[in-house]
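> Listed below are the residues making up each chain.
There are 2 protein chains.
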Amino acid sequence: MKRIDWSDTRNLTMLMDFYELTMANGYMESGLEDISASFDMSFRRIPDDGGFAIMAGLEQLIQNLKELKFEDEDIEFLRSKNLFSDKFLDYLWNFKFTCDVWAIPEGTPVFPNEPIVKVVGPIVEAQLLETLVLVHINHQSLIATKANRIVRAAQGRDVMEFGSRRAHGADSAINGARAAYIAGCVGTSCVLSSKMFGIPALGTMAHSWVQLFDTELDAFLAYARTFPGLCTLLVDTYDVLKSGIPNAIKAFEKEVVPRGFRPYAVRIDSGDIVQLSKKAREMLDEAGFEDCRIVASNSLDEYSIQEMLDKGACVDLFGVGERLITSASDSVFGGVYKLVAIRKNGEVIPKIKISETTGKINIPGVKELYRLYDKNTNMALADVITLKGEEIDVTKPYEAYDIYEKDKKAVLKNFATRKLLTPIFEKGNCVYDSPNIEDIKSYCKQQVDTLNDTVKSLKNPGHYPVYLSPALWQLKNELFEKKMV
Amino acid sequence: MKRIDWSDTRNLTMLMDFYELTMANGYMESGLEDISASFDMSFRRIPDDGGFAIMAGLEQLIQNLKELKFEDEDIEFLRSKNLFSDKFLDYLWNFKFTCDVWAIPEGTPVFPNEPIVKVVGPIVEAQLLETLVLVHINHQSLIATKANRIVRAAQGRDVMEFGSRRAHGADSAINGARAAYIAGCVGTSCVLSSKMFGIPALGTMAHSWVQLFDTELDAFLAYARTFPGLCTLLVDTYDVLKSGIPNAIKAFEKEVVPRGFRPYAVRIDSGDIVQLSKKAREMLDEAGFEDCRIVASNSLDEYSIQEMLDKGACVDLFGVGERLITSASDSVFGGVYKLVAIRKNGEVIPKIKISETTGKINIPGVKELYRLYDKNTNMALADVITLKGEEIDVTKPYEAYDIYEKDKKAVLKNFATRKLLTPIFEKGNCVYDSPNIEDIKSYCKQQVDTLNDTVKSLKNPGHYPVYLSPALWQLKNELFEKKMV
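So the sequence lines, in the order shown, correspond to chains W and G. So the first sequence is numbered by my numbering: it starts at 1 and just counts up by one. So the second sequence is numbered by my numbering: it starts at 1001 and just counts up by one.
In case anyone wonders, no lab produced these hints; they're calculated from the structure. Predicted model, so just to flag it, every value in this text is computed and none were measured.
Here are the in silico distance ranges between beta carbons for each label pair:
hint	chain 1	residue 1	chain 2	residue 2	range
1	W	P200	G	V1431	38 to 44 Å
2	W	C430	G	T1215	36 to 42 Å
3	W	K87	G	Q1446	43 to 49 Å
Using N, Cα and C, we set each Cβ at its ideal position, and we do this for glycine too.
Produce the complete structure using the sequences and hints provided.
As structure tokens, this is what we get:
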């Protein structure tokens, strides 16, 4: 089957920040290129001040890492800068990916300061991955986190993603729909995303359909005739209660019911959704269409949905667009990619960045991340970041240090552990099969269900505890106090 | 030259909302497919409540429209939905683009309710373009508008875009950097965008460079040796004033000056930039490096830059990332694509959508858009939306109606006119060559310069007048009063 290469200049290997190249060239010129480095991706703050974020974007990152390759024209482009040594350009031309990569599986709830992706390999190589790692994980984790908030606000009602038109370019639409589905949306309006990932595609009519016909009723009748089994009518082109709903009822009666179907839904896209939906519900019920759904849209997000439901809106499905696909109330997932250790002459040297801004201090060392679940309830108790190689003995109480308050300790008891960081690449070879999207979606739901209700609260959520192992705690404090300059 | 097809399943023809397909199928089943329809893209609100927006994204839209094609696998995917008629699927398989498209050139300041893209063609075809038109123009216009605000806040200082890592996927990074450059940024950190569009690539080192070495001074010396001619040192890994600046000065003196170069810059990425930059300036000046630039970064946007400069920050170049590339303070450009007229049996029938939300009412009719410039000063006076075919006589005073206040009239005098809508496709053939990016960038600057200062104000900007021609005003009122249902 022939496929269009819609933009044949795209090769995402070069989706990097320029400084990664100047640094990599500099490592080489300084004879440091073979130093083994360990980088962590972590994030500093949960968007919308939520209680947790949701990991996503790994599948697309893996795809790009498998295809890393500098083309002749890339090398020529870089050569034209007159900045890079021939040795470095040759290295790029012969680039072979040899790093080890670990990551937390997609759909997992994650918390600030945890290593969510870990890259270990020659510094010159690991440095070059920074932007690719960040752009995929930051983007999809942002949207998954937002979508899950919106789904929670809908309290069991369906939420559909339909923001493609307001997305930040094609990837934002396509992969954003994917992240939203993982996190609980029931489908997307985006046809391409539906095709690529097998997400249900949803959608029926725009105002243009209604406008095209001489009257709204004509428009509804024609649509009902064409799609009697999936008849959703958009009722706000002129006046929801005076014309939209009455005309929809007429169309259902004339073209849907006689064909042996039930009406699917009406959609309200403007005005006071609370009042309009209540009245629309009454009118539909009175006409015998108690089973006809009411769909609401119009710049919705978790805040407006929560408010509508608090006021008794009669809505069965929310169509959520721009505020989901751009995470409008908080559009940045602030993941960073930081050097945490190097190996030189066989010795591992942990690295710290102090920074003038306290929140920007990183946790040094090559790490492991454990989630502790209550043995009786299977609820998530806490996460513990340890140094790599440390094991947590589940048969004994475990003492760990608070990540934020320097000398605060906790004793954890009666738990099972799970390692969250999973091997993705070993010496550059992919050793991980991304689960199919339905499995990621159900895993996500199941993992979110292990969080207690206060952590899942949309406003002022409870704090989920993240601890450091005693050894890691000690290392961090030692390095911080040395503040080596 | 061989190029990687980084994701061979991408064909953006299918980047559409599902309802476009159900509607198009419905038009065909209702025998309406040959009705000629006119759609306008317009937007409702300027992001950040600014005084104007900047049009961008046209080049990428054109590229996609040139390559419209449904592949076999697309047809099979749609057939599997059991919703679409064979006739419609055959139509898609043989799809041939035949629409006329007009658009406002990239870099032009634009205002709410103006037609910025206009598509005329068979309804079944024009309907299918909705998402592609919107996603490109919404995205890049958003970023161009934001970038221009940030550039204005910097008051002549350079602004560099480096948000790739926080972008919403690859297109958001790549095309976002393009839009930012058009609107006045001096370059981007994004290597791929630099290569694709010829935008200057900028960037030097991350904290990882500094951390890799045993001491900060070693790191600076090594970097200065490698890049003496373009030596920018990141001075906040440990302590800006106690170690960063003193070590930078040492490195400049030891490795840059003796090689016949001058130091390029120091970069501060955390802490109180106002105080740190003032002190850093003093220290650099004292060392004889008055020409060494100071670069500031750290979640900047137009608001923080304005505040810093008001407080006397000594910054020469701002590196702006996440808040530019996601337009964080207002991440939605609300462009819509609305049916404004149809042609049936040779007669043009204008179309209106009333809506329950006043702001969602569209302006009916096939239109033209004029910008009026003062004949003496060449400053932009006002825009006038007319019906297509109406000419504005520049030899006489012109009376027009305010777009917002129903009966408010204005008389415009002593002006020259320019039609803003430019032919892009004629009967499906592209008739427009996108200017090169440098020309778009200078055109943008020149056009922004024709706006008066109050319109360019970042806070509470003055209102730029947009009028309706008397004929269009009358049409709109007539249709609105008919409220045909």
